[in-house]
Structure formats: structure tokens, C-alpha cells
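Using the sequences plus the hints, can you model the full thing?
Protein chains: 4
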Amino acid sequence: MADNAKVKELVSKCMHAREMAYCPYSRFPVGAAILTAGGDIITGCNVENASFGLTVCAERTAIQRAIAEGHRKFSAIAVTCDIKDSFVGPCGACRQVLIEFGTDWVVYLTKPDGSYKETSLKELLPLAFSPAHLGN
Amino acid sequence: MADNAKVKELVSKCMHAREMAYCPYSRFPVGAAILTAGGDIITGCNVENASFGLTVCAERTAIQRAIAEGHRKFSAIAVTCDIKDSFVGPCGACRQVLIEFGTDWVVYLTKPDGSYKETSLKELLPLAFSPAHLGN
Amino acid sequence: MADNAKVKELVSKCMHAREMAYCPYSRFPVGAAILTAGGDIITGCNVENASFGLTVCAERTAIQRAIAEGHRKFSAIAVTCDIKDSFVGPCGACRQVLIEFGTDWVVYLTKPDGSYKETSLKELLPLAFSPAHLGN
Amino acid sequence: MADNAKVKELVSKCMHAREMAYCPYSRFPVGAAILTAGGDIITGCNVENASFGLTVCAERTAIQRAIAEGHRKFSAIAVTCDIKDSFVGPCGACRQVLIEFGTDWVVYLTKPDGSYKETSLKELLPLAFSPAHLGN
Ligand SMILES: [Zn+2]
Ligand SMILES: [Zn+2]
Ligand SMILES: [Zn+2]
Ligand SMILES: [Zn+2]
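Residue numbers (full-length UniProt numbering), protein chains in the order written: chain A, 1 to 136; chain B, 1 to 136; chain C, 1 to 136; chain D, 1 to 136.
Keep in mind the hints are simulated off the structure, nothing from the lab.
In this text, all values refer to a predicted model and were calculated from it rather than measured experimentally.
Incorrect hints may appear among the rest.
No copy labels: a pair is met if it fits in one copy or bridges any two.
Here are the simulated lysine-lysine pairs, BS3-like style, with alpha carbons at most 30 Å apart [what the hints assert, rightly or not]:
(1) LYS73 <-> LYS13
(2) LYS122 <-> LYS84
(3) LYS122 <-> LYS111
In C-alpha cells, the structure reads:
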């Protein structure tokens, strides 16, 4: 989808975003970076809470921030955490929040060393429940 | 997985559970029924909230109820809602809550007329982030 | 509100419910017990998730379970956790879920030794946003 | 707390933030603006989801955005929505997310006409469960 330099920038920014994580409970920092349709990059980190259920993941922080800044169309997201030995996708909640804003996301799962695997939201969330099902 | 009579019972109970839904905001009732490893069936419905983010889906209501009743191992879940023209999977958040309690779930997506499609959590949540990734 | 024997039963059941908690991440078990308008008692425990934001508190588990069982009117809730040196209220999310089902809740904050403090949802959630504000 | 001009700016910015709301399900736009200890203002709006439970309020969007931008200390928040005839506080979930980052928040509840009522998180969340209770 995006050109190679843009993907590198996206991956690099998600790794930097991880450093902003507020995660005193899990000590599991996560970073995310979103590429908007217009070419902007918006980052996010996980923000935990003593009432664990009020925790929000890095991917959702990035999306919510993007929406608050006026973006509505997106093309890709890169995510990274401390898992070194495999490529792990976003949690299911984040996949659902991605699909709220389109089905054509490219997803870059990034290891701490910067290597990444390219996948897509369509692969990650098959048989998805989406806004269309509520008649919106 | 389960024998045919048990699947029929599971599907039937998820349809009845839908009638308990508290959904004044979406007017979109959903029902779920979980089959435990021991053969018990636990049902749930969606429970909405004026602060929408505190809404919980039928699937999660069923799982939380099962946990509160002491169950920890499960083999299947049936879900139904008002969507007539396609089989729709649980939202991503519910898929993540299912995987917290095992990867081997059979999932029955059920239409209002009682017809259902069999799938599995492995199909629905590829490249999943799971408890093992936090070292638990 | 309730007679003394009923309060004792409610407090006792919330302490037992705590033993069902699924809390591998926080290791902070919480129990709750709800008294319905009809005099039934429904219990709940916290149910955590590797994606912390999908965690649900004991109070909400109890309410969701009650709704799934057909209850809609409630008069009291008792909650207990491991905090020994002070009486701590439910998290804000749970207070909001309580008010969805009425403003007249009596709340019993219970210590591990069984001693409790009586308060109310009105005290715990002043200037509340409630279903009425959405026109429901 | 803040000088009068700063409060006016905060209130004004929360009203503008409301215009960014993504709320196709509730059609109830909400805006929030946070004042950091350093004098910066960060805004947020509600971001809804077809799976209602994945909705996030304006106040939380603002806080998560602030955290992602590196802020950790805050002094005030202003919130506004369409309710004209009374001053309504943030939902309980948002109150809990506020207290994660300090107990000394001043809270400005703002009507659509720009008039506001000053309160505080201490008033809004008595007997709070807070990070200290988990030993953090
Ligand atoms: Zn996530
Ligand atoms: Zn769901
Ligand atoms: Zn709670
Ligand atoms: Zn809120």
C-alpha cells in the first residue's frame, strides 16, 4: 500500500510511541502508529488504570487521538510490544475499533528489533460485525 | 464437537437468552449460550449503558456469569442477533474474552430463524494476543 | 433498607463470591452481591483479561448476571476486596453501571473481616450522568 | 485554580472539541479539554463504536491523547455536551480515569451556551478506589 519509506517511518514512530506508555500494572509497554489517508502519522501508547477494565490499548489511543484531530480515513497501522519471538496481532477489541473506520487497513506487526510482518484487518477479523450491521 | 442434540439445545438457549437483553439504546438484542467442558449451558444477553462504553455484549455476559458460577473450561458458544441475511461473528472484544479461556472454542453463528453456521475461535481470531504473551 | 439478617446474608455472600474471582493479572480478588427488589441475591466476581481493558469488575459481573436472569430492580449491593485498613467504594465504571438501574442503591463496603460501612449510590456518584439524559 | 482567562480558554476549547465527535449511534456529541500542570490544553471528543462497549468518552480521549503526548500531571478539565437544563458530571468511568492521574482535578461542567459550574474530582468521586490501593 504505502511506499517503503513511509512504512519505515510508520514502524519507527510506533516504536518511539511505545516509550510514552503508562503501564504501571502490566509493565508491558505497547506503541502504535496510524497512517491516515492523507499521509499523516498519529501515534498512541497504552494507558492503564487501577480499575483494569478502564485500560486502553495503544492502537485505540492512536485512533481516538486521530479522530479528535479530525481524521476519518486511514490506510495502515503499525504496532509493537515486547514480544520478541513471534508476531502478535492487536487484541480483539482494537481490531473492532479499527473496523469502525474502514475495512482496508494494512497492519504491520512489529518486533522490538524493528522487523515486521505485514497483514491486514480483513485477515485479522474475518466474519466481522461492523457498522453496516447496525444500519449506519 | 458436541453431539447434535446438544448443539440444538445450545442454539435454542441462545435464542431464548436474547429475550432478556437490556438494550434501550441500540434496540439490537443479542443472545449467547456457552457450553462448558462439563456439559452445562450458561446464557447471556447484552446489557447496555447510557455511557455507551460501559455496555457489555451477550457473549461476555455469558462468560462472566459462567466464571462467577465456577466454570473455567468451555467447548462452544452460540450467538444470535437480528441480522437475517448473513452470519456475523462476535465483536472483536468478545473474541478476545473467549480466548482468555482457551483456544479451542467452537462458535455457532445463529440467525433469527435458528439456522446456524459453525466456525471456530481459531478462525475468528488469527495471530491472537493471548494470556501466554503476558507470561501467565 | 433491608432488615439486618438480609444485610448479613448479602455481606456474607459477597465474601464468598470473591473466592470465584479470575484475577491472574492483578491477584486482587473482588466479590460482589446484589439484592434485588424481590429479595433475591445475585453474586459476581472480577473476571480479568490479558488485554486489561476487557477486564470486568465484580460489581458489573453481578449486575450483568442479574439482568441475564431477568431482574431489573435492585435495592442494595455489597462489595469486598483485600483492602483492610479503609472502606473503599466501587470504581467509577461500576458506579455508572449501578445508576443505569436506579438511583436508590444502598451500598455496603465490606472489609475482609466482614465489617462494613453503609453508604449509597447517591453519595458515591453526585451530579451523575444517567439514562434520563439521553432521553430514555 | 487557574486564572480566569485560562479557564475561559479551556471552556472554549472543550466546546470546539465537541464538533469533532464521532457519534453516529447516540448522536450525542461531547467535548472535553484538559489543562496540564504545565499550562498546555489537550482536547478530546467521544469516539463511538458499533460494538457499543468499545465507545470512549470525550474526557478519556483527551486524557489518553495527553498521555501519548507525554503529559503526566494535570490541574483541570472542562466538559460539555448538549444538555441545556442542568450541569451534568462526567460518567463514572471517566471519573475513574481522571483519578488515575491525581486527585486534585478542578472540573468545569459546561452548558452549550458556555456557562459553567466549577466542581472537583474529590466531590465527584468520594470514597474512591485509586492506584494507591493496588500498591502502585
Ligand atoms: Zn487492544
Ligand atoms: Zn461483543
Ligand atoms: Zn469497578
Ligand atoms: Zn465518560
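Which of the numbered hints are not met once you compare them with the structure shown? none
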